[in-house]
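Undergrad: Using the sequences and the hints given, assemble the complete structure.
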Amino acid sequence: MTLLDIIIAIPALGCILALLIPRNQAQFSRLFTLAVSLVTFVASLGLVTGFDQKATGQQFVTNFVWIQNPEIHYHIGIDGLSLWLIMLATFLTPIAILISWNYIQDRAKEFYAFLLLLEFGLIGVFSAWDLFLFYVFWEVVLIPMYFLIGIWGHDRRIYAAVKFFLYTMVGSVLMLAAIIFLYTQAGTFDYVTVLDMLQSGRIALTHTEETLLFLAFFLAFAIKVPLFPLHTWLPDAHVEAPTAGSVMLASVMLKMGTYGLVRFCLPMFPGAARENAPWIATLAIIGIVYGALVAMVQPNMKKLVAYSSVSHLGFVVLGVFSFNQMGLDGAVYQMLNHGISTGALFVLVGFLYERKHSLAIKDYGGVATMAPWLSIVFMITTFASIGLPTLNNFVGEFLVLQGAAIRSISWAAFAGLGVILSACYMLWMYQRVFFGTVDGVEAPADAHGGHDDHAPAAHGHDAHGHDSHGHSMPDLSPREWACVVPLVVMMVWMGMYSQSFLPVISAENARILDSTRKSPISSNVKITPVTGGSANAR
Amino acid sequence: MFKLWLIPLLPFLGFLINGILGKKLPKLAINAVAVGSVLASFLWVALVVGPSSDWGANKLHAHYFTWIASGNFHVGWDFAVDKLTMIMLMIVTGIGTLIHIYATGYMDHEGGYYRFFAYLNLFMFFMLNLVLAANYLILFVGWEGVGLCSYLLIGFYFHKKSATTAGNKAFIVNRVGDFGFAMAMFLIVIQFGSLDFTPVFTKAPGAPVETLTAIALLMLVGAAGKSAQIPLYVWLPDAMEGPTPVSALIHAATMVTAGVYMCSRSAVIFLHAPAAMDVVALIGLATAVFAATIGITQYDIKKVFAYSTVSQLGYMFLGVGVGAFSAGIWHLMTHAFFKALLFLGAGSVIHACHGEQDMRHMGGLKKYAPWTCIVLACASLAIAGFPGTSGFFSKDAILTAAYEHAPWMFWVGVVTAGMTAFYVWRAFWMTFWGEYRGHGKPHESPMVMLAPLMVLAVLSLGGGFLFNVPEILKDMFPLKEEIPEEHMLMAISVAAGLIGIAMSWYMYVVNQELPGKIANALGGLYRLVDDKYRIDEAYDAAIVEPLIEGSSAVLWKTVDAGIIDGAVNGVGSQARGIGNVLKLIQSGNIRSYATWIVAGSVVIIIVMGIAGGVR
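Keeping their order, the protein sequence lines are chains A and B.
Each residue of the first sequence is one higher than the one before, starting from 935 at the first, in the working numbering.
Each residue of the second sequence is one higher than the one before, starting from 993 at the first, in the working numbering.
No wet-lab data here; the hints were simulated from the structure.
Keep in mind that a hint or two might mislead.
Covered by chain A, according to a simulated footprint, are these stretches of chain B (three or more residues, beta-carbon under 8 Å) [to be verified]:
hint	segment
1	1056-1067
2	1162-1175
3	1475-1488
4	1537-1548
Predicted model only: the values in this text are computed from it and were never measured.
Cβ atoms here follow ideal geometry from the backbone N, Cα and C, with glycine treated the same way.
TA: In structure tokens form, the structure reads like this:
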């Protein structure tokens, strides 16, 4: 029994116990699930401290045969790639519970139980080393998210939930078919064995087989990412989902797709991955620019953030398919960054929604006057999201773009447009929501414009949550502070000192990249040499 | 040893203290923290780092921690100080201190006092990072960071739409420039495998010219954004929405010169990319003339100086482009003196006139605000290149170098110098001469505002004598040999300045009907210049509107909602049956959810069985 087993077990048990709590004890179910998620988080810190940075490969391994025939292993373990994604899941679940504290009143215990089930599935997905086990966890994640959207969502929740479900199912079914095919070849679902057989050539795939298998996995993951043009479930799902659902969806669930690409698509089918990289990278770049442009014209805050996710996740896919160390390191780091900063954006949009019961940008204005601290935290998050150096996203975006540039400078040039556009959509939203006056009318003293001596700035941040027109909006409550402070701390930490996180990621990525080179099937594909003898060619 | 980290960290602490606790602190404490932290940085630079280093041979270098590492690529949080950095440090902390002091008086009656000083300190932190950086990425940290502070301070009066819009515009236009800068960095990494200045500049002479040209041109894009050159200058005039001390510190003396600094820092790359140098010189010259023509027509005193800043930055780029890097830096320094003074003086004038910025409602202020009048006269002489003033030396150095490069550039520069003298003195006469045309009774500013102005006035007049930048930097940028025409060129540029001053005297003091007549005679041309050549409108029509309309109508409503979702819903309607089944479950109780989970598991087991069967 390793620590990892315990960490998977706690939310599962917690979920079951939470369901046994009497219905009228809503407050107790909140406290209970929060406690469970906090215990899980604290326990998961043990993964970080216990992780041997020197060793490569899996750690905290448990591997026994779960089902004899067909041979399915309960094989779990973590490596540098999955470590931080698990941490992301355990880190965000308590926050997701806390932000729902007042908002979710209806069927509270089920709601919180589903969040724990979701956490269980997410940790499982990132630690499974058996293809079938992976698939089971993959599907387990789908169930609670479907219900979170379908039951506690907004008006069009059914449409969004069904769309989410169908999209994902299409991909899952294809992946399942591919997994079963691999099983027929290898006689086991154990990923380590399958991978070893593929890499040593004991399973000899034809070019067509490899391509089809790659595409089957790729499609499942691409839908989850989501990669343009498979992204249209995401805005609907986000807009309809309750805040906690949006947070978990954007921050962690989308990473299942990008994680799958790195964990499965690259090592198993390196030849096909390299062959198909150009058009995939092209779609990623289109997604970056397209997502940003569409985000720019959204009247709804959640939709705006959702489209911005399409754009940000495009960077991740671009980095993965740049096939070099910097691109891949940046991609994995960007998964975490996006989890933190977009998660924080959804949290904050949720706070606004709880105050004003609207997601429409036009319904806001002058929030900075009424709730200065909320505005400041939102601003930090905004700048994290648009990649300001010293905050987290910059590190990932820089590495991804540099990696893409090494592969092809035009990739970086087009993707770089997304960085310009991100400033447009985020700052325009920020301006309309937080700046200006509460009632949208400027004070007459401004008539001269640029008149900075006696302008009525007096009610800048110094107003006390009220203005003369009787509008008011409370600033952050202690509970809300507890949600956002950890997120802001992570933005600064990951932005200023990436060395706490990147080395283990880098080491694992180096192994993965290495395996894509020596694999016999990839020998027919020419590895693009890096121009100018750069440092990053590996 | 020299604790270089102290230099940016002190203002950063000021930012934290005022930003977090400022609301509860008394004004005196806020002032002490804000001014004290910057002053301490200045003293550290001037008294500890400056005198005690052996500037001849070594430069200071400090590595603090690895910031980003991936594969063989490493970027550290590294600082380095050489003479160029030293000059920049002195300008930034010195002028910064003066402007902080001034601002305590200027902002006295404003709301958000602590917020203002917190932002200002944060700006100092990033600006000092920018000049201390030992590699391009740390420079970029400062570069983006000062952009953030610029955004925050332009939009300081955030209830005003025009202010926040100007802030957004500044940030977004700068992002376009930063895109170029980032691309330049990518090429540098591909070519040199590092972003550290030392290895890059060591290897640069051996790199292919095409690569170096591409890098240099992309850097120019970045510099054009930050330093407001054609075609990215459009944000700077709007940036005057910010409080006047901000205009002086960020949008005149320090941040906007970052582009000039970066190009000079990268001199090795530029020198090996002659084509890029020509582009730099042309852009600089074009910007200098173009902005000067607009400056002539403006009536808002801050707008006059804003266009003047754009124009003077163009001069600096002209210097860089013709290879006179040290002359460019010299002008950067003298410009920091006299332009900061012009802006702060303008602030004092605005203060005197109860917030009025339109020069048509000023006049006669020499009687009411004599000290402001005197110091502004000093600054106006300096920018006009009056012999002996600081501007005279640096402008002459640039124009001489331009003459050596291409005589026609010299002549264009001279004409621009004449225009500069004209519009600055036009502003001076309109403000201080004649009768007061405004409302209320104007008053002189308090001593806390005047004292920094006097220091700057001394520097504007004597800064050229005191600091001979080309001499200081001669190890980095070899001095040019004197050319025989030097004295003649000097006489010509001085004459141009004097003619400009004389013409403004004639038109705005002696014969005040003349400007109106000329404007009428020019008709459409005058209106075009007065409307700033309608560049903003053109950008809106050509870029912003199509982008927004296209994104909304085509991408969102047609591609996303129409084509993709249409296809999905088409498939989905086939599966409507499933949807209806699924609809049932959301009404239900927990038992039915459990049923569904179990049902799902059953499906999995069945599939598994099939799989086993296949085998």
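Undergrad: Each hint: holds or not?
TA: Taking the hints in turn, this is what the structure says about them:
Residue count for the segment 1056-1067 of chain B with a Cβ under 8 Å from a Cβ of chain A: 9. That meets the three needed, and the coverage hint holds. Taking a C-beta to C-beta cut-off of 8 Å, the segment 1162-1175 of chain B contributes 8 residues in contact with chain A, enough for the three needed, and the coverage statement holds. Restraint check on the segment 1475-1488 of chain B versus chain A: 0 residues with Cβ-Cβ distances below 8 Å, three needed, restraint violated. Residues of the segment 1537-1548 of chain B lying with their CB closer than 8 Å to a CB of chain A number 7, which satisfies the three-residue condition for coverage.
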